[in-house]
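Following the hints, position chains P, H and F against chain G.
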Amino acid sequence: MTDNATGQGHNSVRRTPDEIAARIAQDIPDGFYVNLGIGQPEKVANHVPSEREVVLHSENGILGFGPTPADADIDHDLINAGKKPVTLKDGGSFFHHADSFAMIRGGHIDLCVLGAYQVAENGDLANWSTGKTDDVPGVGGAMDLAAGAKRIFVMMTHTTKDGAPKLVDRLTYPATARGVVKRVYTDLAVLDVVDGGFQLVEAVEGLSLEDLRARTGATIHTP
Amino acid sequence: MTDNATGQGHNSVRRTPDEIAARIAQDIPDGFYVNLGIGQPEKVANHVPSEREVVLHSENGILGFGPTPADADIDHDLINAGKKPVTLKDGGSFFHHADSFAMIRGGHIDLCVLGAYQVAENGDLANWSTGKTDDVPGVGGAMDLAAGAKRIFVMMTHTTKDGAPKLVDRLTYPATARGVVKRVYTDLAVLDVVDGGFQLVEAVEGLSLEDLRARTGATIHTP
Amino acid sequence: MIDKQIATIEAAVADIRDGATVMLSGFGEAGHPTDLIHALLDQGARELTIIANNAGNGYVGVAALINAGRVRRIVCSFPKSSQSVVFNEFYARGAIELELVPQGTLAERIRAAGAGVPAFYTPTSAGTPLADGKEVRDFGGRPHVLEHALRADVALVKAETADRWGNLTYRKAARNFGPIMCMAADLSIVQVRRHVGLGDIDPEIVVTPGIFVGRTVTVAEPADEQALIASGYRREPT
Amino acid sequence: MIDKQIATIEAAVADIRDGATVMLSGFGEAGHPTDLIHALLDQGARELTIIANNAGNGYVGVAALINAGRVRRIVCSFPKSSQSVVFNEFYARGAIELELVPQGTLAERIRAAGAGVPAFYTPTSAGTPLADGKEVRDFGGRPHVLEHALRADVALVKAETADRWGNLTYRKAARNFGPIMCMAADLSIVQVRRHVGLGDIDPEIVVTPGIFVGRTVTVAEPADEQALIASGYRREPT
Chain G
10 MTDNATGQGH NSVRRTPDEI AARIAQDIPD GFYVNLGIGQ PEKVANHVPS
60 EREVVLHSEN GILGFGPTPA DADIDHDLIN AGKKPVTLKD GGSFFHHADS
110 FAMIRGGHID LCVLGAYQVA ENGDLANWST GKTDDVPGVG GAMDLAAGAK
160 RIFVMMTHTT KDGAPKLVDR LTYPATARGV VKRVYTDLAV LDVVDGGFQL
210 VEAVEGLSLE DLRARTGATI HTP
Chain P
10 MTDNATGQGH NSVRRTPDEI AARIAQDIPD GFYVNLGIGQ PEKVANHVPS
60 EREVVLHSEN GILGFGPTPA DADIDHDLIN AGKKPVTLKD GGSFFHHADS
110 FAMIRGGHID LCVLGAYQVA ENGDLANWST GKTDDVPGVG GAMDLAAGAK
160 RIFVMMTHTT KDGAPKLVDR LTYPATARGV VKRVYTDLAV LDVVDGGFQL
210 VEAVEGLSLE DLRARTGATI HTP
Chain H
67 MIDKQIATIE AAVADIRDGA TVMLSGFGEA GHPTDLIHAL LDQGARELTI
117 IANNAGNGYV GVAALINAGR VRRIVCSFPK SSQSVVFNEF YARGAIELEL
167 VPQGTLAERI RAAGAGVPAF YTPTSAGTPL ADGKEVRDFG GRPHVLEHAL
217 RADVALVKAE TADRWGNLTY RKAARNFGPI MCMAADLSIV QVRRHVGLGD
267 IDPEIVVTPG IFVGRTVTVA EPADEQALIA SGYRREPT
Chain F
67 MIDKQIATIE AAVADIRDGA TVMLSGFGEA GHPTDLIHAL LDQGARELTI
117 IANNAGNGYV GVAALINAGR VRRIVCSFPK SSQSVVFNEF YARGAIELEL
167 VPQGTLAERI RAAGAGVPAF YTPTSAGTPL ADGKEVRDFG GRPHVLEHAL
217 RADVALVKAE TADRWGNLTY RKAARNFGPI MCMAADLSIV QVRRHVGLGD
267 IDPEIVVTPG IFVGRTVTVA EPADEQALIA SGYRREPT
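Chains as they are written, first to last, in the working numbering: chain G, 10 to 232; chain P, 10 to 232; chain H, 67 to 304; chain F, 67 to 304.
Everything labelled a hint here was simulated from the structure, so no lab data went into it. Any given hint could be a false lead.
Only pairs whose alpha carbons sit at most 20 Å apart, straight line, appear in this in silico SDA-like list of lysine to any residue [as the list claims (entries may be wrong)]:
#1 G:Lys141 <-> H:Leu166
#2 G:Lys98 <-> G:Lys159
#3 P:Lys92 <-> F:Asp290
#4 P:Lys141 <-> F:Asn154
#5 P:Lys141 <-> F:Glu155
#6 F:Lys200 <-> H:Asp204
#7 G:Lys159 <-> H:Gly206
#8 H:Lys200 <-> G:Lys159
#9 G:Lys93 <-> H:Asp290
#10 G:Lys159 <-> F:Arg217
#11 H:Lys146 <-> G:Gly91
#12 H:Lys200 <-> F:Leu212
#13 G:Lys170 <-> G:Glu28
In silico negatives: residues of chain G with every beta carbon more than 10 Å from chain F [said to hold, decoys possible]:
#14 Val22
#15 Asp39
#16 Ile47
#17 Glu60
#18 Thr77
#19 Gly132
#20 Thr139
#21 Gly147
#22 Arg187
#23 Gly206
#24 Val210
#25 Glu211
#26 Glu219
#27 Ala223
#28 His230
#29 Pro232
Ranges between beta-carbon positions, derived for each pair [what the hints assert, rightly or not]:
#30 G:Gly140 <-> F:Arg203: 30 to 40 Å
#31 H:Phe205 <-> P:Gly40: 54 to 64 Å
#32 H:Gly85 <-> F:Ala293: 21 to 31 Å
#33 P:Gly116 <-> G:Gly91: 33 to 43 Å
#34 G:Asp36 <-> H:Thr304: 48 to 58 Å
#35 H:Asp266 <-> P:Thr142: 51 to 61 Å
#36 G:Gly140 <-> F:Lys200: 33 to 43 Å
#37 F:Arg138 <-> P:Asn55: 41 to 51 Å
Ideal Cβ positions, reconstructed from N, Cα and C, are used throughout, including at glycine.
In isolation and in its complexed conformation, chain G is listed as follows (with noise of 0.2 Å):
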């Protein structure tokens, strides 16, 4: 989807989250454990390249399941962490809560890929509570994938809808884990966290570093 990115009469190239996805499978090896968060992480499943092979886990009590079955397969006692139907590849397996979240835990998942409402430049994570006192809240695994997997790679837009920045110097809303994220992947840019803010890998095609400066609340080095 072409967009105007900046609403300063530049014209660059908003990635979809399709395609942010697509950029986020590039980035994964073959023969990695990983767990995609709910919702658009979700995604990054359709894009790893058919001659890798990476092993999904779902938090529920899933290694290796695989794409959404037809309706006529649909079975409930096989769902992701989503609570959507997926099915099993052909070396899955299933566990218990507690062996699941010690795979977590443990440091076994290679990579855990997220959504957020915010990443500062320190690498803290916020994707659990936007923090309003009236809402019922919910975290679920959040938390444990944060603080657990090997790698945390966050799939966002790089802006709120009012366009406020969701990269920022520090967190303005409450914490899901402190100095976990690795890199992040927006609409605008890929971004390495580093020692002393982001670090530029890539910005879409037509945004220039002042325009994507401009919409990021947090220092970004460029190599």
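Chains P, H and F only, in chain G's frame:
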């Protein structure tokens, strides 16, 4: 076996290990999950009344093991905690070591029968070390069983080979666990651990209370 | 002779007391013991503390229990869903107490109770509001939070097969909390699709050994909670 | 493509380094990875720390490793046996360091390492000499000892079947420490009697999911350690 139990001219009937085991077996209700310590306590299995179904646990990862197999049926992968070949009953199961000790430490084993060097009148148990520093130490599952099982019964001779009491006011051997023993079965008597000492349940025929007390290094209360 | 099978689901839950702490297996609807919960609803126990991953959807299962005013407190990781109408309403008006626990910490606390571990340290929630008021300690240069074992008086669990010793197998991702909740409750009550003869479950594939199981009851055709919710069914106490 | 199967046992252990911490599965001879241990003996790594329930019998398996002077330190629950001649001799002359750990604490410490739990409290050993110098804390009015996770660089494990993803099944009581050691080591190396095709192991009966397994190697006819010991065989490095 009839024996001169006191060495003082009184004729009493000292219980053989099999007789002690049979006495213990009387006290095991139908449906109990039981762990039998390595050595003499293993004999208890042979004396459980046939109308009672008792499930034997072995800490290496078996529930529901059965008697020693015929030589031709020995399977080196099916051994008990004493590393002796066993069989598996219908309804038995295998599990890993952490799960096996979760059963023990989590209080799921109704009863554990252990041998002992000493039992103190406060229920302290010594059965893993003589405290000699030149010995190769070994603890195995003794401390886990003693601390974890719902009930600890001790099966032992009333005195050492040299005639020293094994029921004592205070341990002189290193402790296995504190305050855990519920009942002691010896070749001379059955005694409960109660507040302030041992409570006599029964003594073998022909043994006077005075004789029993002479062979015991702790307070014995009578009902 | 050991025979943990109970003839009726009513008898299986008959002695659950007011004020009991009750674990409910299931992640979403998979493995949720809907039939046992409805039996508990009919049985009438009040002032319950519920430990479960979710707080229910529509007006069935745990949601029906909450809706009938039977639940004083719930310990869970994710009460909110698009259909958690009952919980949301009770929570908004302060009619139910919530202890929010990260899902992995919830699982590990339950397992710890079953394994005789009173407390453990975990990196999960360190540096977040969910660690407020908890002991934090560094291991390997990283902060960890002290978490306590979570036990229950009763666990209501759904499994697939049982034998008379209470050995259980589960079905696919419906396994989830079942095995650890059976370990952590003083009494686990398990609904299974079918009972099989002793020895018919291969000892290598027993998931929950019978030592962790108190009672089993056959529910050959368990309630399809998703279908009930979709139909708008409201389960009331009978 | 994921394929964890290594062609030869020599290749499977080739990169174990001097000074490595190595877990060995097995309770007595059941599940003891004798063939992998002999390959490690031939490979030559020195100054090893061994974590295992026992310290070996006769002159085979871990006893052969100790006898060749490769083991600096051993963490185990029961080093002594009627045939632990090598360990006894090394221990008597101070040639090997011993950390004695109660068997259940050993298992739980290993599981904790695999599960990302750096430390936990246990009632086991409270009030005994094995708690000397350790933190003790009351929970529920009872003293508990703080115990730390026990990890390893490498686990050598014996299992029954594997597929190319590393999913494992075990055989009877030979399961013992295998599953938790696979979790607790940076690299687990597993000897199995046979490899099967991907999908040939029922997903319900996988005991160790492949995520915990680094390498597998077929040893169709594993050494019969008991027979070797009985025959007086002495395994020396080749």
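Verification of the hints:
For the hint pairing lysine 141 of chain G with leucine 166 of chain H, the CA-to-CA distance comes to about 15 Å; that is within 20 Å, so the pair holds. For the suggested pair lysine 98 of chain G and lysine 159 of chain G, the alpha carbons sit about 23 Å apart, so the restraint of at most 20 Å is broken. For the suggested pair lysine 92 of chain P and aspartate 290 of chain F, the alpha carbons sit about 15 Å apart, so the restraint of at most 20 Å is met. Between lysine 141 of chain P and asparagine 154 of chain F the alpha-carbon distance is near 15 Å, which keeps this suggested pair within the 20 Å criterion.
Distance hint between lysine 141 of chain P and glutamate 155 of chain F is fulfilled; the C-alpha atoms sit about 17 Å from each other, no more than 20 Å. The suggested pairing of lysine 200 of chain F with aspartate 204 of chain H holds, with an alpha-carbon distance near 17 Å, which does not exceed 20 Å. Between lysine 159 of chain G and glycine 206 of chain H the alpha-carbon distance is near 16 Å, which keeps this suggested pair within the 20 Å criterion. Proposed proximity of lysine 200 of chain H and lysine 159 of chain G is contradicted: the alpha carbons are some 25 Å apart, above 20 Å.
Taken as a hint, the lysine 93 of chain G and aspartate 290 of chain H pair is honoured in the structure, with Cα atoms around 16 Å apart against an allowance of 20 Å. Using a Cα cut-off of 20 Å, the hinted pair lysine 159 of chain G and arginine 217 of chain F holds, with the two alpha carbons roughly 17 Å apart. Using a Cα cut-off of 20 Å, the hinted pair lysine 146 of chain H and glycine 91 of chain G holds, with the two alpha carbons roughly 13 Å apart. A distance of roughly 17 Å separates the Cα atoms of lysine 200 of chain H and leucine 212 of chain F; the hinted pair therefore holds under the 20 Å criterion.
The straight-line distance between the Cα atoms of lysine 170 of chain G and glutamate 28 of chain G is roughly 19 Å, inside the 20 Å bound, and the hint therefore holds. Non-interface call for valine 22 of chain G relative to chain F: holds, since the shortest CB-CB distance, roughly 34 Å, exceeds 10 Å. With 10 Å as the threshold on Cβ separation, the claim that aspartate 39 of chain G sits away from chain F is violated: the shortest Cβ distance comes to roughly 7 Å. Listed as a non-interface residue, isoleucine 47 of chain G keeps its Cβ farther than 10 Å from every Cβ of chain F; the least gap is roughly 20 Å.
Not every beta carbon of chain F lies more than 10 Å from that of glutamate 60 of chain G, the smallest distance being close to 8 Å; the non-interface claim is violated. For threonine 77 of chain G, the non-interface assignment is confirmed: its Cβ lies about 18 Å from the closest Cβ of chain F, beyond the 10 Å cut-off. At roughly 18 Å, the least C-beta separation between glycine 132 of chain G and chain F is larger than 10 Å, which holds for a residue marked as non-interface. Separation of threonine 139 of chain G from chain F is adequate, the least Cβ-Cβ distance of about 28 Å exceeding the 10 Å criterion.
Under the 10 Å C-beta cut-off, the non-interface status given to glycine 147 of chain G relative to chain F holds; the minimum distance is some 22 Å. The beta carbon of arginine 187 of chain G sits about 16 Å from the closest Cβ of chain F, which is more than 10 Å, so the claim that it is off the interface holds. Distance check for glycine 206 of chain G against chain F: the nearest CB is about 29 Å away, which clears 10 Å, and the non-interface claim stands. The claim that valine 210 of chain G lies off the interface holds: its Cβ sits roughly 27 Å from the closest Cβ of chain F, which is beyond the 10 Å cut-off.
For glutamate 211 of chain G, the shortest C-beta to C-beta distance to chain F comes to about 29 Å, beyond the 10 Å cut-off, and the non-interface label holds. Look at glutamate 219 of chain G: its CB is around 42 Å from the nearest CB on chain F, clear of 10 Å, so calling it non-interface holds up. No Cβ of chain F comes within 10 Å of the Cβ of alanine 223 of chain G; the nearest lies about 40 Å off, and the non-interface call holds. Distance to chain F confirms histidine 230 of chain G as a non-interface residue, since its nearest Cβ pair spans about 32 Å, more than 10 Å.
A cut-off of 10 Å between C-beta atoms confirms that proline 232 of chain G is not in contact with chain F; the least separation is 31 Å. For the pair glycine 140 of chain G and arginine 203 of chain F, the beta carbons lie near 34 Å from each other, so the given range of 30 to 40 Å is met. A hinted range of 54 to 64 Å for the beta carbons of phenylalanine 205 of chain H and glycine 40 of chain P is inconsistent with their spacing of about 42 Å. Here the CB-CB span from glycine 85 of chain H to alanine 293 of chain F is close to 60 Å, at odds with the stated 21 to 31 Å.
Roughly 37 Å separates the CB atoms of glycine 116 of chain P and glycine 91 of chain G, a value that falls within the hinted 33 to 43 Å. The given range of 48 to 58 Å is respected by aspartate 36 of chain G and threonine 304 of chain H, whose C-beta atoms sit roughly 56 Å from each other. Separation of aspartate 266 of chain H from threonine 142 of chain P is about 53 Å and conforms to the stated range, judged on CB atoms against 51 to 61 Å. Between glycine 140 of chain G and lysine 200 of chain F the C-beta distance comes to about 41 Å, which sits within the given range of 33 to 43 Å.
Checked against the hint of 41 to 51 Å, the pair arginine 138 of chain F and asparagine 55 of chain P passes, with Cβ atoms roughly 44 Å apart.
Going down the numbered hints, you'll see the structure goes against 2, 8, 15, 17, 31 and 32, while the others check out.
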